[in-house]
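Keeping the supplied structure of chain A fixed, place chain B with the ligands upon it in accordance with the hints.
Quick note, the sequences are listed as chains A and B, same order. Under the numbering used here, the first residue of the first sequence carries the number 1, and numbering increases by one thereafter. Under the numbering used here, the first residue of the second sequence carries the number 1001, and numbering increases by one thereafter.
Any given hint could be a false lead.
[Stated by the list, open to error] Ranges of calculated distance between the beta carbons of each label pair, as one might list FRET restraints: (1) B/Cys-1333 <-> A/Gly-36: 40 to 48 Å; (2) A/Glu-3 <-> B/Lys-1340: 40 to 48 Å; (3) A/Pro-2 <-> B/Glu-1002: 49 to 57 Å.
[Claimed, not checked] Computed footprint of chain B on chain A, listed as stretches where at least three residues anywhere in the stretch have a Cβ under 8 Å from a Cβ of chain B: (4) 73-83; (5) 110-124.
Please keep in mind that the hints were generated in silico from the structure rather than gathered at the bench. The structure displayed is predicted, hence computed values, not measured ones. For glycine and all other residues, C-beta sits at the position ideal for the given N, C-alpha and C.
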Amino acid sequence: MPEIYAGIDVGSLCTKVVILDAGRNVLSSHILRSGGHYQGAAEAAFSGALESAGLRIKEISFLVSTGYGRARVTFSDTHVTEITCHARGAKHLFPHVHTVIDIGGQDSKVIYVNDEGRPKNFVMNDKCAAGTGRFLEVMAGALEVSLQEMAELSFHAQGESEVSNMCTVFAESEVISLLAQGTEKADIAAAIFRSIARRITGLVGKLGLKEPVVMTGGVAKNPGMVRALEEKLRTTLLIPPEPQIMGAYGAALIAAEQSD
Amino acid sequence: MEQTLNQIFNLVTDPYTGIAAWKERLQKKVVGCMPMHLPEELVHAAGLQPVVLWRSNEPVTLGHAHVYTFNCGLTRSVVDDAVKGKLAVLDGIITYDLCLQARELPFIINRNAPPAYLETVYIPGPVTAPVYKDFLLENFRNLKASLEKFSGQTMTQDALRQSIALYNRQRGLLRQLYALRRQTPGLIRAKEMLAIVQSGMLMPKEEHIPLLENLIAELPKRTVSSGKKARVVLSGCMCQTPRFDLLDLIEEEGMAVIDDEIYVGGRYFFHDVAETGDPLEALAERYLNRTIPCPTKVDWTNHWGDYLVDWVGQQKAQGVVTLLVKFCPPHLCYYPDVKKRLANANIPEVMLEVEHEVVSLEQVRTRLQAFVEEIR
Ligand SMILES: Nc1ncnc2c1ncn2[C@@H]1O[C@H](COP(=O)(O)OP(=O)(O)OP(=O)(O)O)[C@@H](O)[C@H]1O
Ligand SMILES: [Mg+2]
Chain A
1 MPEIYAGIDV GSLCTKVVIL DAGRNVLSSH ILRSGGHYQG AAEAAFSGAL
51 ESAGLRIKEI SFLVSTGYGR ARVTFSDTHV TEITCHARGA KHLFPHVHTV
101 IDIGGQDSKV IYVNDEGRPK NFVMNDKCAA GTGRFLEVMA GALEVSLQEM
151 AELSFHAQGE SEVSNMCTVF AESEVISLLA QGTEKADIAA AIFRSIARRI
201 TGLVGKLGLK EPVVMTGGVA KNPGMVRALE EKLRTTLLIP PEPQIMGAYG
251 AALIAAEQSD
Chain B
1001 MEQTLNQIFN LVTDPYTGIA AWKERLQKKV VGCMPMHLPE ELVHAAGLQP
1051 VVLWRSNEPV TLGHAHVYTF NCGLTRSVVD DAVKGKLAVL DGIITYDLCL
1101 QARELPFIIN RNAPPAYLET VYIPGPVTAP VYKDFLLENF RNLKASLEKF
1151 SGQTMTQDAL RQSIALYNRQ RGLLRQLYAL RRQTPGLIRA KEMLAIVQSG
1201 MLMPKEEHIP LLENLIAELP KRTVSSGKKA RVVLSGCMCQ TPRFDLLDLI
1251 EEEGMAVIDD EIYVGGRYFF HDVAETGDPL EALAERYLNR TIPCPTKVDW
1301 TNHWGDYLVD WVGQQKAQGV VTLLVKFCPP HLCYYPDVKK RLANANIPEV
1351 MLEVEHEVVS LEQVRTRLQA FVEEIR
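If we strip away everything but chain A, and leave its shape as in the complex, we get (with noise of 0.2 Å):
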């Protein structure tokens, strides 16, 4: 029988699963939103993607777990931070990557990887979730469009609004005063994406910038942040197809080796 891998990144916002292939092909991917509970996020993901990808259960040779619900996962063979899994993707894809920047639900991680592609240095932002995939969701909420919309408006802002606050509450609050104002809402999208961008750019600025760049997890398929991250940090990102599945895809390819 061919060896089958898997890899689960259980997030706080969102749990991806990836299933690999002894040729490390990806078979299939599923995504969904991980909820209250953990563990049967988890056991959606997984059944989704093996349903896609028309296995079972017993068909997965290594199943390797990650994210902030990692430890939660019961059937996998161990676990492992997305950090080094983000990482692990990323050089996959991008062999020569210097640096990844994972934004997602909840958390943000600048990771510095070595020529040998270990990831050596990191950072994450505090405790809050302020300039980050939340954050994003709450914002959207404020001015009542979509991710997408705002992202498309922010292409087309004539002003130069600034959003200053970082804290979720407030930067709300201050959405709402400048709509009061008659602010236009791309003004303010746009702003929203610069007061981010700024924020990971400082967090980028504790380990120092060494391109090339990888962007991964969800807040990547977000056009209006990376172009605000691109102009800030002056650089370009690289970005995969799917950016949201790196954790778990990293997870997998680890999957991969530890059962070599």
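Chain B with the ligands alone, transformed into the frame defined by chain A:
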């Protein structure tokens, strides 16, 4: 031995009750000292019983009417405890100009909850020129006179020498315990070690010494699981004890703390006071020349980062866990440079913030686990 450890944990988790109990028994006046650089020996030689001020065992509430929420846990705790009346167990308090936050304390305490004796000392930050020694000695002499006045007892040279000898003896025993841990990582849990050191700050050394002797005799009999652990050292953590759950997490994630240079730890006992010459000068000398490089001192001849690089090498440690007290300006000021020097020497380092309030441990766990993955 378990009984000794219980006694130690009880004292450090509730110093208020513990201190009141031995104070009642010994009938001594108790003086709380601001941590880090005050010479406890001087207080002791005046016939008083010094203790080192500690971080409170409950959330800061009333204190926030007097002190910023962005002060460190220790200064907020001391103010909070003072205005809540929890420091009534102390007959006196000595503060000094350790940092900007510490400078505010005597005013707030004096205004809201003055103890019978409140003294403020100047201890110079810069230490490299002779003038600072003169200045420090002058301040130590003033402190001596003020302590004598409060205790009603003249301090003889001999009494001070005896106090110094007693304190050196206690420091020596703590060093022996640390040596035991270096020989057998895991023999003494990180939180046990810190509790042991802190308990010595909260009770008479005369009574702490027998506890240490008991531990030194008994601890080696423990069985230690032989699993392979990453060898790490702790750095920083000025003035206060880190939360114990943070220390447990470090060990749970597969690290063994083999040594530390934190204040409630190695910094407290690292160097002795010389027992020859003038005792007051010897106390001054210890502060000026015999401490681990400290961010509250200005000493460009002795760089903290370089010191750490050497020390980590000697310990054959695989990494450094920096404990940075949240809102501690002195440490924050030095930290970027220390971090850079460690990185240049290829020494892995991870920083954890030490907070008074409960922190989200899961995020800290991810940091620590990733750190272990990095250094393995
Ligand atoms: N199609 C999309 N367009 C824009 N943003 C998106 C899209 N899909 C997801 N996101 C963003 O991705 C975020 C979730 O990212 P991700 O799945 O990487 O987080 P997570 O791994 O659960 O969180 P963490 O790593 O912090 O624990 C959402 O908050 C949202 O902002
Ligand atoms: Mg994630």
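Structure-based check of each hint:
{"no.": "1", "hint": "B/Cys-1333 <-> A/Gly-36: 40 to 48 Å", "result": "holds, 42 Å"}
{"no.": "2", "hint": "A/Glu-3 <-> B/Lys-1340: 40 to 48 Å", "result": "holds, 44 Å"}
{"no.": "3", "hint": "A/Pro-2 <-> B/Glu-1002: 49 to 57 Å", "result": "holds, 56 Å"}
{"no.": "4", "hint": "73-83", "result": "holds (count 4)"}
{"no.": "5", "hint": "110-124", "result": "holds (count 6)"}
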